[in-house]
Amino acid sequence: MEVHNEVDGSGVPLAVLLKRELCNQKVEKPDILFGEASKSKKGEDFTLLVANCHRTPGEGPGDNAGGDDTISMFVIVDGHNGPAAAVYTRENLPNNVLAAIPPNLTSEEWTAALPRALVAGFVKTDKDFQTKAARSGTTVTFVIIDGWVVTVASVGDSRCILESAEGSVYFLSADHRLDVNEEEVERVTASGGEVGRINIAGGAGIGPLRCWPGGLCLSRSIGDTDVGEYIVPVPHVKQVKLSNAGGRLVIASDGVWDALHFQEALNYTRGLPAEAAVNRIVKEAVSSKGLRDDTTCIVVDILPPEKLSPPLKRHGKGGIKALFRWRPSDELSEEQTDNGCFEPDVVEELYEEGSAMLAQRLNVNYPAGNMFKLHDCAVCQLEMKPGEGVSVHGNMPKHHSRVDPWGGPFLCSSCQVKKVAMEGRLHL
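Using my numbering, the letters of the sequence shown correspond one by one to residues 1 to 428.
The set of hints was computed from the structure by calculation and includes no laboratory data.
Treat the hints loosely; a few may be bogus.
What the hints assert, rightly or not - Simulated crosslink set (DMTMM-like; lysine to aspartate or glutamate; CA at most 20 Å straight-line):
| no. | residue 1 | residue 2 |
| --- | --- | --- |
| 1 | K241 | E36 |
| 2 | K41 | E348 |
| 3 | K127 | D226 |
| 4 | K29 | D376 |
| 5 | K39 | E284 |
| 6 | K39 | E275 |
| 7 | K241 | E388 |
| 8 | K39 | E229 |
| 9 | K132 | D226 |
| 10 | K42 | D258 |
| 11 | K29 | E383 |
| 12 | K241 | D376 |
| 13 | K127 | E275 |
| 14 | K39 | D258 |
| 15 | K283 | D258 |
| 16 | K132 | D69 |
| 17 | K29 | D69 |
| 18 | K29 | D175 |
| 19 | K42 | D69 |
| 20 | K127 | E284 |
| 21 | K241 | E108 |
| 22 | K241 | E91 |
| 23 | K41 | E284 |
| 24 | K283 | E36 |
| 25 | K132 | E91 |
| 26 | K241 | E383 |
| 27 | K289 | E264 |
| 28 | K29 | E91 |
| 29 | K241 | D69 |
| 30 | K127 | E383 |
| 31 | K241 | D31 |
| 32 | K241 | E166 |
Remember, it's a predicted structure, so these values are computed and weren't measured experimentally.
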């Protein structure tokens, strides 16, 4: 019997395509290894680390670890003016985010709906915290890993960086310090806030740029009910897809980044597993500047399944260097590398948006379509009767002719009040 080595239209043998497909199936779900370390000064940093939890809120850790229904979740909250906002956010934000995603979505739809759900969850958490009459606030860096897709939502000045297996560095969070973010200075002043430094006896301003009243040096946070609605809880959201070679995330509060440049932090982790790497980062940060602030770090390695080789960093033809796991030798055979089935090092950007305008962030024209339930508030998920809700586009200027105010998403009356107050003069 004669066997033909058929090829597809591109000239690639079908046997090769089948091998690639098998390789893709092998690395469909990565291994997640992580470590956490901290040094406390004020006791206002808190973390949440969940390697496997269900997509549906309230179900707790996943029983089928690594199954299609599970995700990984890593959160750093850095409180100020007391720990109340940080503690409340850590306990409530994850469920608020997951509850904003409708049930019965495909995995692709779920991933596509996540950025809007993060915005809704952040705003709901801030709105609910206001009822506690506490004046503290918190920064948040919230990371969800869904297969090879990493989604990061951030307010404040904690940061998340990604180093791919081939050594490329990606910034997955925004810095909302007024000293470094001119766009946020413009937004705060347009909303009615004042931005300036502390003046002493009429002299030159000293210290970082701050929002007045209140004197906060950040433009986005959860809480801070005493410093004006122009300090918004709407997060910057970035979503990327890693190649199946994996990568390493470094998530840290400003206690780390005030002491170490991001490249320094990455260099300190070379050749170390996650648990050792995170301890090294915190140790070096404290050694560099002293313990001036709470210093907290999480390192997360997103790896091909353990039966495959670890992510590698190639240096020409002369050798292969292990990036995430210690190896007894930095040389691997051609057979080992060929069987790794690694794709090229390509980190694909799926979504990025940093606008503080809810009408833009909850836009009905999101690629996955309108996934909000028609009569549920898009922020707090309150079920409303027909006609009770107010469209997020309801007060848009008339020149936005493409916007349909009757198309939703809709907000309940209290969330609409929050939206109008939070967006201030930007909405006039």
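Output the numbers, in ascending order, of every earlier hint that fails for this structure.
-> Hints 1, 2, 4, 7, 8, 11, 12, 13, 16, 18, 19, 20, 22, 26, 28 are the ones this structure does not satisfy, whereas the remaining hints hold.
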